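Protein chains: 2
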Amino acid sequence: MLARVKVQDLRTPALVVDIDDFDRNIDVMRAAHPGPRLRPHVKAHKTTEIARRQAAAGHLDFTCATPREVIGMAAAGLGGDLLLANEVVDPERLEALAALTDARVTIAVDSEVTIDTAARAGLREVLVDVNVGLPRCGCDPEDAGRLADHARARGLTVRGVMGYEGHIVGVEDRALRSAETEKSMQLLLRASELAGGGIVSAGGTGTWDINVWANEIQAGSYVLMDNAYAHLDLPFKRAMHVSATVVSVSKGGTVSSGGWAVADCGLKALGMDHGDPVIDGAIVWSVNDEHVIFSPEEPVAIGERIKVWPSHIDPTVAYHERMQVARGDEVVETWEVDLRGW
Amino acid sequence: MLARVKVQDLRTPALVVDIDDFDRNIDVMRAAHPGPRLRPHVKAHKTTEIARRQAAAGHLDFTCATPREVIGMAAAGLGGDLLLANEVVDPERLEALAALTDARVTIAVDSEVTIDTAARAGLREVLVDVNVGLPRCGCDPEDAGRLADHARARGLTVRGVMGYEGHIVGVEDRALRSAETEKSMQLLLRASELAGGGIVSAGGTGTWDINVWANEIQAGSYVLMDNAYAHLDLPFKRAMHVSATVVSVSKGGTVSSGGWAVADCGLKALGMDHGDPVIDGAIVWSVNDEHVIFSPEEPVAIGERIKVWPSHIDPTVAYHERMQVARGDEVVETWEVDLRGW
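Protein chains in written order, with the working numbering: chain A, 3 to 344; chain B, 3 to 344.
Take the hints with a grain of salt, since some may be wrong.
[Said to hold, decoys possible] Listed next, the in silico DSSO-like pairs over lysine-lysine satisfying Cα-Cα at most 30 angstroms (straight line): (1) B:K185 <-> A:K185; (2) A:K309 <-> A:K8; (3) A:K253 <-> B:K185; (4) B:K253 <-> B:K185; (5) A:K185 <-> A:K253; (6) A:K309 <-> A:K239.
The hints are simulated quantities; they were obtained by calculation from the structure and are not laboratory data. Because the structure is a prediction, the values reported are computed rather than measured.
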């Protein structure tokens, strides 16, 4: 009989998924947004094994951020309806997408250049990407009709519009988040009137149940969650941490002793744009290339494992080759992070 | 005849090394710190092809931050004298290091536990890691003798001490940086007296020529550099950028038009702990998963390539599978980032 691997035996730093919390997040979403009402964003996990579980819950259409995500999803047999919700102007990669025989690919466009490049590469379907208040990609809502006409003139099918209210998804006050989402979505609905096509794709984990104007929601973080989203009033639980080993303890090692401890989870294991990670029952002081420095309330010993909760899951996952999947303290599976890169 | 690949033809985002600036950085360091006076830190580049060039410049001893870096350096034939300047307590990986037949491995220790674990794994040589003011790993200087004795009692050879003045390397005022370095190094010299062994290993790119107390310098960033170090009065040039493609332009796209542009270099292509990257001649507004949003002074066109200068090179490199090496705008080589992971 094989020895059972425990979380505390993993080589660290290690991404660890709590499968019970993960399954619960999947179930909550399935119950609230069955079927095509959700188009899960794979950029949050970059892992086809997770996408497979989302598909098993009835979410068969996916959102991607990079050509490699689209190609990997197609290769995994999950290419039924893939939206590349990003502007791409590299002919070589667009041609690779157009050549996929096992996927339906729709790409975001927000300019004549992106439309012409997509058409030349042989892609067939687009969504018009609309600026709904987040200064990033997306056309002015009033330009959506003109761009849709241009796309149709180039032989492309316009399936509808998309517009991400990313400037709102983190607003803590729910009423304000709701009011601001409505304003954004009025812009998107106006663009939808002008562009036609029917799809109104928007939303993220922060507005997953607030955005009632879009007809499909692009949430991705809900399935693993992170500290940033944990500040909101969401029914999803943080289901992923980085397991780290304490390697050094100084001056007693605790808050009350005026000491600290160091564990082996650093900048190359954590997305840092949303700030330092969280360690329960501890103050986190800083993160260096291979270290997190923290003062726990209770003493920790060298060799002990701690849970480091990432503040932003997407760029955290992108650093790791695999996720270890645990039920309680037992490792039950390993998932490859197989959609990394571009 | 093969077509020449230009930087503007690279698939983006792409790490690009300017080989002339890189060679110049190597030459400046070789001239100032010939031979074993420098023990280059490979964590800054994680690339054996770069280490090979450092070795060709006479720097044959290296500093590593992870077991995988040590093992990869040994496999590349660069294992003559490798310092793992980090505490590791995983018996399996320590045993793998002890089993290397093609490398001399010295490991940092700062506690009885790390010493005992190293000895049990079969490692033979250690440096006593000393806290010289950076609250991270490292023992109290007054404990260095006791730990050295403990190591010797366990059959280990104590080669000396190390202590990183990481809290000082970024101080902009050179006189203050120098004064603070001296204070730190007095602590390390005291520890050296107590521990013996002879090696006094310290320093980083910010104190490369200031730290005259250590007898070997662990600088790593000097070879590629980044925005954070570019603030200092150093003779090294930023030799690496991320090449990105403009994918969207809004409202005229420039500072004066009140517009912005978006390029495909986001959080999964950049270490963000030292803040936003720099784009010459532009204001950088924000970075999202796959995008940098910026307002250039002069208009940029969709499809145009821009240079994105990372603020922290170490966690930037760790996201990428390879570096493209360019002389002017021509790609002359590709280097695999082959020391990633742990």
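- Hint check against the structure, violated hint numbers in rising order: 1, 4, 5
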